[in-house]
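A.B. asks: Model the full structure from these sequences, guided by the hints.
So the protein sequences, as listed, match chains A and C.
Heads up, the first sequence is in numbering that gives the first Met the number 0, so the first residue is 0 and it goes up one at a time.
Heads up, the second sequence is in numbering that gives the first Met the number 0, so the first residue is 0 and it goes up one at a time.
In case anyone wonders, no lab produced these hints; they're calculated from the structure.
On a predicted model such as this, the values are computed, not experimentally measured, just so you know.
Hints are supplied without guarantee of correctness; some may be wrong.
[What the hints assert, rightly or not] If you anchor each label on the Cβ, the simulated ranges turn out as follows:
#	chain 1	residue 1	chain 2	residue 2	range
1	A	G148	C	N85	36 to 42 Å
2	A	A62	C	T230	18 to 24 Å
3	A	T105	C	P102	48 to 54 Å
4	A	T26	C	P102	35 to 41 Å
5	C	A217	A	G239	28 to 34 Å
6	C	D93	A	V108	54 to 60 Å
7	C	G235	A	S203	18 to 24 Å
8	C	E36	A	E154	38 to 44 Å
9	A	G239	C	G202	20 to 26 Å
10	A	G239	C	Q4	50 to 56 Å
11	C	Q87	A	D153	31 to 37 Å
12	A	N237	C	V111	40 to 46 Å
13	C	Q87	A	G239	46 to 52 Å
Every residue gets a Cβ at the ideal spot worked out from N, C-alpha and C, and that includes glycine.
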Amino acid sequence: MGQLRRGTREVGVASRRVNEIFQAAWTGSSDGTDLPGSLASACVRALPVSGVGLALMTDEGPAGIITATDGAALELEELQFTLGEGPCVDASRTGRPVLQPDLAVTAPVRWPAFAGGALEAGIRAVFAFPLRVGAIRVGVLDLYRDHAGPLSPDELTDALSFADAATLVLLHEQAGSPVRGAIPIADDRAEVHQATGVVSVQASVGLAEALVMLRARAFAESRPLGGLARDVLAGTVNFGRADDGG
Amino acid sequence: MAREQRLAEVFVELADTLVEEFDVVDFLQTLTERCVELVDTDAAGLMLDDQRGNLQVVAYTDESARLLELFELQKEEGPCLDCFANGQVIANVDLAASRSRWPVFCGAALDVGFTFSHALPLRLRRQVVGALNLFTVEPRGLTEDHLAVAQGMADVATIGLLHERALRDQVVLAEQLQTALHSRIVIEQAKGVLSARAGISVGEAFARMRTHARRTGAQLTGVAEAVVTGTLHHAGLQAAMGTREDGA
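C.D. replies: Given below as structure tokens:
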């Protein structure tokens, strides 16, 4: 949060934090096969929350629970999946974060069926972050807490960084190109998003796959994603199937 | 038209945009365009706090990649970043004379042809939620009057972001900021899709989507989503643009 007192705060810390989270998750995952689980465990350790859940989403809607750090988190993930209601369902449907610092006050009105189950499971606060890159929706990161109260600005910043890292992991999983080893951090330039749209048309693929293709090409050619995106926009690089051979 | 009259019109236009289901990115886009029109500047861009310690561009008046680069640079160094960090107006920055303070940024801005830059904070009490950045080609600063209008625009932008919502609510602020940032990304993705499908520039693609949104009363982000999912075909957008004159 841009507080007036933040003058001395280091800028660019966020992307570094995402990288840090990613590397820690990679190290914590024995062979890289349970990256989501490792990331969720790191999240529950780093933030003052009692449980973390990750749900996958595809274009067709919620596609199942990927990981949960404890029984209560798993129970609430499953409950929402079954009921089709709850903060995480809203976050995935609307693409907006749903921050509920006090479920006892807000949940019974907004999600009557979910509220009972949540309070019974001992959960008092939920913070649900949609994992998306614009129109690309890959899932939701859900933080559960056994006591009420909001996240502090610093905790919110960290939660958003975990969400960024989880977005990258799920993006690659969803596109059938799981992350192996080093992953370049996200690049939020307008050109990258425009180029993603162009590549999706050229290669007749969805936006998620187009973004993964761009990232993979940049990685393979050891060049910055922004530069490759500009070449795509200028027409000097084409991802059309016809050009694959030549 | 007298400037005062046009000024009043613009503020009414912006206030009118703030209806129930308004599109925040479209609103901020209009605001930056009016800023260039009313304040003696040549380019404008608006950046928001991404709540991860960075600024992200959500509206800009010019598709040129070089201008975008200036905004990107400001994540690392520049008056916009300093304005965001300490909440103060940093206006009438003589770029040639400020090279020692922001060497990379000033060099890049001078290369693009600008001589002056101005940064105004989007303030919400003790917090800064973003910054409005203006660039001028002609080597002259802004008058007090123009600066006041620019700050007024920045304040209206903050109101738009938090429209009809409890201003005290950190939760709402976080939800709004994150949503605005992603809306902008959807629009960029749609510009790419539409430009590739219709064989037009990304600037033209943006203009067509906005025209379509205006004509149909739809939200810009909704139009962009429809382009991305393929439910809105580019031919439909062209038709919406129309070639028929509306008189005059």
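A.B. asks: Each hint: holds or not?
C.D. replies: Do the hints match the structure? See the list:
no., hint, result
1, G148/A with N85/C: 36 to 42 Å, "violated (30 Å)"
2, A62/A with T230/C: 18 to 24 Å, "holds (21 Å)"
3, T105/A with P102/C: 48 to 54 Å, "holds (50 Å)"
4, T26/A with P102/C: 35 to 41 Å, "holds (38 Å)"
5, A217/C with G239/A: 28 to 34 Å, "holds (31 Å)"
6, D93/C with V108/A: 54 to 60 Å, "holds (56 Å)"
7, G235/C with S203/A: 18 to 24 Å, "holds (20 Å)"
8, E36/C with E154/A: 38 to 44 Å, "holds (42 Å)"
9, G239/A with G202/C: 20 to 26 Å, "holds (23 Å)"
10, G239/A with Q4/C: 50 to 56 Å, "holds (52 Å)"
11, Q87/C with D153/A: 31 to 37 Å, "violated (23 Å)"
12, N237/A with V111/C: 40 to 46 Å, "violated (28 Å)"
13, Q87/C with G239/A: 46 to 52 Å, "holds (49 Å)"
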